[in-house]
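These protein sequence lines are chains A and B, in that order. If you're matching positions, the first sequence starts at 1 in this note's numbering and goes up one per residue. If you're matching positions, the second sequence starts at 1 in this note's numbering and goes up one per residue.
Since the hints were derived computationally from the structure, they do not count as laboratory data. Backbone N, C-alpha and C define an ideal beta-carbon position, used for all residues, glycine too.
Which residues of chain A face chain B? A partial, calculated answer using Cβ under 8 Å:
1. 43
2. 44
3. 47
4. 50
5. 91
6. 95
7. 105
8. 106
9. 107
10. 110
11. 111
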Amino acid sequence: AQTVTQSQPEMSVQEAETVTLSCTYDTSESDYYLFWYKQPPSRQMILVIRQEAYKQQNATENRFSVNFQKAAKSFSLKISDSQLGDAAMYFCAYRSINAGGTSYGKLTFGQGTILTVHP
Amino acid sequence: DTGVSQNPRHKITKRGQNVTFRCDPISEHNRLYWYRQTLGQGPEFLTYFQNEAQLEKSRLLSDRFSAERPKGSFSTLEIQRTEQGDSAMYLCASSFPPGQSYGYTFGSGTRLTVV
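Only chain A is shown next, with the shape it has when bound in the complex (with noise of 0.2 Å):
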């Protein structure tokens, strides 16, 4: 079975500034996908950026951008100019694309990052 670790419960950020939020996966597949997902405060979980295993080039959405190590296992989200918008919790996902796979297109994520952005 798949497991997603993210060791940062808590990160903070200056307000303009850069932060990297962690996250380590386990997995025996070789094709996959992973995700940043955004929950602010009691609303609900939105899609931040993506990344196909397949792809050697790291994903990048505006502002955010993510450091994909397939051989260390490794998936970081950069979020550079921090805005006090992107203060929420963040979650680390896997999804499995292999249709015999026990994760097929269901999500494990990790425990979540809470990032506060200091004005």
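With chain A's structure known, arrange chain B on it following the hints.
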């Protein structure tokens, strides 16, 4: 389409009572998932449907839990004889099949408090 809708948003119940939650997915999505999220933790998979068929249930889903998705549209999650340990946020999400799309759309969740 207004996204994934969950009702009620909050539910407080006494231990031993039965509760039912409803999820209305995005109409084009044939997959529907239920997750449970306890305070400060990541969501944990409970069960999922493809159309009306329930394809997988987690070991977290005890006999007191039952989920249905009649006609492949909305879904209900019922918890019988609630216990304090059932207190959590229950999240619903919908998607196309994994081969078609990677994306999930989550609802805002139903927060259950068992007193």
